[in-house]
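Just need the whole structure built from these sequences, with the hints factored in.
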Amino acid sequence: MKLAVYIAVMAGVTYLVRAIPFTFFSKKIKSRFFRSFLFYIPYAVLSAMTIPAIFYSTGSVLTAIVGTAAALILSYFGLPLIVVALSASAAAFIAGLFLK
Amino acid sequence: MKSDLTKGMIHGIPIALGYLSVSFGFGIKAVGAGLSVFSSAMISALNLTSAGQAAGVDIIAAGGTIIEMILVQLTINIRYSLMAISLSQKLDKKFTLPHRLAASYGITDEIFAVCSAQKGPVTPSYMYGMIFAAFLGWVGGTALGAAAGELLPAAISSAMGIVLYGMFLAIIVPPAKKSLSVFIVVITAAGISVFFRYVLTTLSSGFAVIISAVAAAMLGAAFFPIKEESE
Chain A
-15 MKLAVYIAVM AGVTYLVRAI PFTFFSKKIK SRFFRSFLFY IPYAVLSAMT IPAIFYSTGS
45 VLTAIVGTAA ALILSYFGLP LIVVALSASA AAFIAGLFLK
Chain B
672 MKSDLTKGMI HGIPIALGYL SVSFGFGIKA VGAGLSVFSS AMISALNLTS AGQAAGVDII
732 AAGGTIIEMI LVQLTINIRY SLMAISLSQK LDKKFTLPHR LAASYGITDE IFAVCSAQKG
792 PVTPSYMYGM IFAAFLGWVG GTALGAAAGE LLPAAISSAM GIVLYGMFLA IIVPPAKKSL
852 SVFIVVITAA GISVFFRYVL TTLSSGFAVI ISAVAAAMLG AAFFPIKEES E
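Chains as they are written, first to last, in the working numbering: chain A, -15 to 84; chain B, 672 to 902.
Among these hints, one or two may not hold up.
[To be verified] The calculated lysine-lysine pairs, modelled on BS3-like cross-linking and capped at a C-alpha distance of 30 Å, are:
hint: 1; chain 1: B; residue 1: 678; chain 2: B; residue 2: 764
hint: 2; chain 1: B; residue 1: 761; chain 2: B; residue 2: 849
hint: 3; chain 1: B; residue 1: 898; chain 2: B; residue 2: 849
hint: 4; chain 1: A; residue 1: 14; chain 2: B; residue 2: 765
hint: 5; chain 1: B; residue 1: 765; chain 2: B; residue 2: 790
hint: 6; chain 1: B; residue 1: 898; chain 2: A; residue 2: 14
hint: 7; chain 1: A; residue 1: 14; chain 2: B; residue 2: 790
hint: 8; chain 1: A; residue 1: 14; chain 2: B; residue 2: 764
hint: 9; chain 1: A; residue 1: 14; chain 2: B; residue 2: 849
hint: 10; chain 1: B; residue 1: 849; chain 2: B; residue 2: 764
hint: 11; chain 1: B; residue 1: 849; chain 2: B; residue 2: 765
hint: 12; chain 1: B; residue 1: 790; chain 2: B; residue 2: 761
hint: 13; chain 1: B; residue 1: 673; chain 2: B; residue 2: 849
hint: 14; chain 1: B; residue 1: 848; chain 2: A; residue 2: 14
hint: 15; chain 1: B; residue 1: 764; chain 2: B; residue 2: 848
hint: 16; chain 1: A; residue 1: 14; chain 2: B; residue 2: 678
hint: 17; chain 1: B; residue 1: 898; chain 2: B; residue 2: 761
hint: 18; chain 1: B; residue 1: 849; chain 2: B; residue 2: 790
[As the list claims (entries may be wrong)] A partial selection of chain B residues facing chain A, derived with a Cβ cut-off under 8 Å:
hint: 19; residue: 674
hint: 20; residue: 772
hint: 21; residue: 861
Hints are computed from structural coordinates only; laboratory data are not their basis.
By construction, the Cβ of each residue, glycine as well, lies at the ideal position given by its N, Cα and C atoms.
Structure below.
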């Protein structure tokens, strides 16, 4: 039951965040500070979510470090999201084989 | 001439394929956090977003509060408001109120990017076609990942746990490489997050993410305001 509440709240907030501005917004945001904040927030959120959680995402810090390194290198060279994501996983998997 | 709906679906195929593999990772993560295959797929169907869902599942797994869930979803998904505002300037006249209410469900980073890159105004049918393709990839991948997560060898499913984070890095790294201010914001957010993880451990992971991100983004806005009219 609690799970249904969590999911409903999650979906409701996510929908409203999209729908309210999409439906009713026509003017531009004036505040330069606020627009700058909105520009930076996605990167800041993803960074805070990823570090240090990524190191615990595979059940072994060592394989996770290998996967993270692969992701950093490939994304540095601008490879597509999906290539980076799957390579990180493949690298972690291969590292796991050697650590057994 | 292809209809806008078909055109939207075709443009949505690469998005759907990308989503399929990322949501596969989400499905594994969700099942790992104790959710059923059905609940996992339901979350994907209702939210259609990666970072917010991943954080939401963390909160569910940790038994976090509803307030925490609301604040985390707001912080993580607030970027969609910005995209929605931007996209709202580009809509075809056919976009009446009901269409806007319906199509706003499908504003994701990738759909926003593809719609914004269109030359002419965006029609409701075009967006629906793209959302439909993306939905199939996202929800299908989640269900497959959640189902397979229970069957796959542990070595594979645990390695898949890094997929979403790998994608996050792929979103952060290129702009951080190009712009020193983005780089500083990203490093600051990561630094504060590490501090909460190892030093000030009383804070739940959801709030730690919010505070880290808001503080880092405010620092960026205060010291490196974006140029007028730049994205």
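Hints and how they fare:
For a cut-off of 30 Å, the pair hint linking residue 678 of chain B to residue 764 of chain B stands: about 18 Å separates their Cα positions. Among the hinted pairs, residue 761 of chain B with residue 849 of chain B is consistent with the structure: their alpha-carbon atoms are about 27 Å apart, no more than 30 Å. Using a Cα cut-off of 30 Å, the hinted pair residue 898 of chain B and residue 849 of chain B holds, with the two alpha carbons roughly 15 Å apart. A threshold of 30 Å between alpha carbons decides the hint, and for residue 14 of chain A with residue 765 of chain B the separation of about 28 Å falls inside it, so the pair holds.
Taking the CA atoms of residue 765 of chain B and residue 790 of chain B, the gap is near 17 Å; set against the 30 Å cutoff, the hint holds. Annotation: proposed proximity of residue 898 of chain B to residue 14 of chain A holds, straight-line Cα distance about 13 Å (limit 30 Å). A C-alpha spacing of about 26 Å is found between residue 14 of chain A and residue 790 of chain B, which places the hinted pair at or below 30 Å, so the restraint holds. For the suggested pair residue 14 of chain A and residue 764 of chain B, the alpha carbons sit about 25 Å apart, so the restraint of at most 30 Å is met.
Only pairs whose Cα atoms come within 30 Å are accepted, and residue 14 of chain A paired with residue 849 of chain B is accepted, the gap being roughly 26 Å. Restraint check for residue 849 of chain B and residue 764 of chain B: not satisfied, since their Cα atoms lie roughly 37 Å apart, outside the 30 Å limit. Proposed proximity of residue 849 of chain B and residue 765 of chain B is contradicted: the alpha carbons are some 38 Å apart, above 30 Å. The straight-line distance between the Cα atoms of residue 790 of chain B and residue 761 of chain B is roughly 10 Å, inside the 30 Å bound, and the hint therefore holds.
Our distance criterion of 30 Å between C-alpha atoms is broken by residue 673 of chain B and residue 849 of chain B, whose separation comes to about 38 Å. Under the criterion of a C-alpha separation no larger than 30 Å, the hint pairing residue 848 of chain B with residue 14 of chain A is consistent with the structure, at around 28 Å. With a CA separation close to 39 Å, the supplied pair residue 764 of chain B and residue 848 of chain B exceeds the 30 Å bound. This hinted pair does not check out: residue 14 of chain A and residue 678 of chain B have alpha carbons roughly 35 Å apart, beyond 30 Å.
Restraint check for residue 898 of chain B and residue 761 of chain B: satisfied, since their Cα atoms lie roughly 22 Å apart, inside the 30 Å limit. Only pairs whose Cα atoms come within 30 Å are accepted, and residue 849 of chain B paired with residue 790 of chain B is accepted, the gap being roughly 26 Å. At a threshold of 8 Å, the smallest CB-CB gap from residue 674 of chain B to chain A is about 23 Å, leaving the interface hint violated. Taken as an interface hint, residue 772 of chain B checks out: its beta carbon lies about 6 Å from the nearest beta carbon of chain A, inside 8 Å.
For residue 861 of chain B, the interface hint holds, since its Cβ comes within 8 Å of a Cβ in chain A; the closest pair sits about 4 Å apart.
Hints 10, 11, 13, 15, 16, 19 from the list above are not met by this structure, while the remaining hints are.
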